[in-house]
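Here the protein sequences come in this chain order: A and B.
Start counting the first sequence at 1; every next residue gets the next number (the numbering used here).
Start counting the second sequence at 1001; every next residue gets the next number (the numbering used here).
In short, the hints are calculated from the structure, not lab data.
A short list of chain A residues far from chain B (calculated; beta carbon distances all over 10 Å): (1) 100; (2) 114; (3) 130.
DSS-like mimics (lysine-lysine), calculated; alpha carbons at most 30 Å apart, straight line: (4) A:2 - B:1213; (5) B:1118 - A:62; (6) A:2 - B:1301; (7) B:1118 - A:129; (8) B:1118 - A:18; (9) A:112 - B:1118; (10) B:1118 - A:50; (11) A:62 - B:1301; (12) B:1118 - A:93; (13) A:50 - B:1051; (14) A:15 - B:1002; (15) B:1051 - A:112; (16) B:1083 - A:112; (17) B:1192 - A:2; (18) B:1192 - A:3; (19) A:3 - B:1301.
These figures come from a predicted structure and were not determined experimentally.
All C-beta atoms in this analysis are idealised placements derived from N, C-alpha and C, irrespective of residue type, glycine included.
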Amino acid sequence: MKKEEIPQDDGALNKLTKEVVYAVDSEGRYTTALSTGWNVKATALDVAWKDIEERVALARQKVLNKEVSPLLYFMELNLMDTATLAAYTGFWKWTIQRHMKPSVFNQLPEKKLQQYATAFNISVAELKKIDPA
Amino acid sequence: MKVDFEHLQAAHCENGVTTNLLKSAGVNQLTEPLSFGIGSGIFFVYIPLLKINNGPAIAFRTMPGLIFKRTCNALRIPVIRKKFSSKETAEKVLEECLQAGQPVGCQVGVYFLTYFPKEYRFHFNAHNLIVYGREDDRYLISDPIMENVTTLSRYELERVRFAKGALAPRGQLYYPKQHTVVTDDQIKQAIKNGIKKSVNDMLRIPFNIAGVKGIAGTGKKIKRWKNQLGTQQAGLYLAQLVRMQEEIGTGGGGFRYIYGAFLQEAYAYHRNEALLEISNQFTQSGDRWRNAAVQAAGIYKGRIGTQADFDVMGDYLLEIAEIEKKAFTALGQIKWQ
Chain A
1 MKKEEIPQDD
11 GALNKLTKEV
21 VYAVDSEGRY
31 TTALSTGWNV
41 KATALDVAWK
51 DIEERVALAR
61 QKVLNKEVSP
71 LLYFMELNLM
81 DTATLAAYTG
91 FWKWTIQRHM
101 KPSVFNQLPE
111 KKLQQYATAF
121 NISVAELKKI
131 DPA
Chain B
1001 MKVDFEHLQA
1011 AHCENGVTTN
1021 LLKSAGVNQL
1031 TEPLSFGIGS
1041 GIFFVYIPLL
1051 KINNGPAIAF
1061 RTMPGLIFKR
1071 TCNALRIPVI
1081 RKKFSSKETA
1091 EKVLEECLQA
1101 GQPVGCQVGV
1111 YFLTYFPKEY
1121 RFHFNAHNLI
1131 VYGREDDRYL
1141 ISDPIMENVT
1151 TLSRYELERV
1161 RFAKGALAPR
1171 GQLYYPKQHT
1181 VVTDDQIKQA
1191 IKNGIKKSVN
1201 DMLRIPFNIA
1211 GVKGIAGTGK
1221 KIKRWKNQLG
1231 TQQAGLYLAQ
1241 LVRMQEEIGT
1251 GGGGFRYIYG
1261 AFLQEAYAYH
1271 RNEALLEISN
1281 QFTQSGDRWR
1291 NAAVQAAGIY
1301 KGRIGTQADF
1311 DVMGDYLLEI
1321 AEIEKKAFTA
1331 LGQIKWQ
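Looking at chain A on its own, in the form it has when it is part of the complex (with noise of 0.2 Å):
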């Protein structure tokens, strides 16, 4: 890539900083230059965001159905799969699987519901309820 075919898009990671880019001057020199951005990773980004919310939204409506327990609303909105869960919280993975069960959640006693509550920087009663908006 030549210093003039740096590309200067709008990132996310503009707000904070220009990223230094390695590319070549006009006689194939090595040089670095600021970059503000690239549009191609920009939108990959998105892409993955995207995912996300239609991740989140689809957890929503599986609690809203009592299919699940909010439990997965939470992990989904807290971008973790169950492995960093149960890193956060010390349970196994086994055991936040069984806690996925509207039944088995509603039974759990107020020590348990904190572990999780902490683990997504809430408290215990919004853990227990999902707005329906």
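Starting from the known structure of chain A, fit chain B onto it as the hints suggest.
Below, chain B alone, put in the same frame as chain A:
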């Protein structure tokens, strides 16, 4: 409390931390491309079965932590690296280092990294930054991907140092043990050994998941993605590929460009014309990676998406594998002085 330290921006976080920490320890010759090359940072791997953020696990560089480790080893600089089970001890040790005038590299998770834009904050635990002081309740932070230095509160720093999940940093900190002067001859040897290691990594790992065989293997897989996954899911996979390739600051197969820059700098030490020629091949490879990313973007934006478009995408990677195979083979044949 502030340590004598110079912040230099880099394209990639671990290169930057390595370069800046070693410079502050007296290794004045070091640049980002030299760290990347000496630390054998260039790589490719497609890890089968593992999923990251519900997509394929693809990396364009070595395992986190290896660039620093290998660069220090190559220059015979002893390293201190500590992990902690207790948050209190982790902070105490950090404080002691700063008191002693030692800037400290930390592995952190970006999900809670407050100064990052929200769009970048995934559960990714292998970001690196340097702590170089504290003023009242705020730690002074040099994040190599940023133009300027920043700060984090005690709590914020603790939270990112103790992020959990895959590659959890567990408070990990690291720094060169002592001030070291490195001779140009040592750098020269380290360049040679770094290149040899990369040639091995890229050409001689069996199976088609790593190195140039991994690139070709991924190209072939991509051609099957449309049928296997459906266009939408395949688009998500491609977006993930591009995001891994474009890891902050390394835009467009940027690691290939950094390697090209490294070979030009290597020429200053070795005076072997072949290095300049091979540097050009890495520039070509980087350009192809960029073209591939543009093609991928066409697919994940939904602008194109026929099987032929996936074939073109896969063929880009097959072509890249050929270019890099030639380049690394040529590097392997260099007669070193």
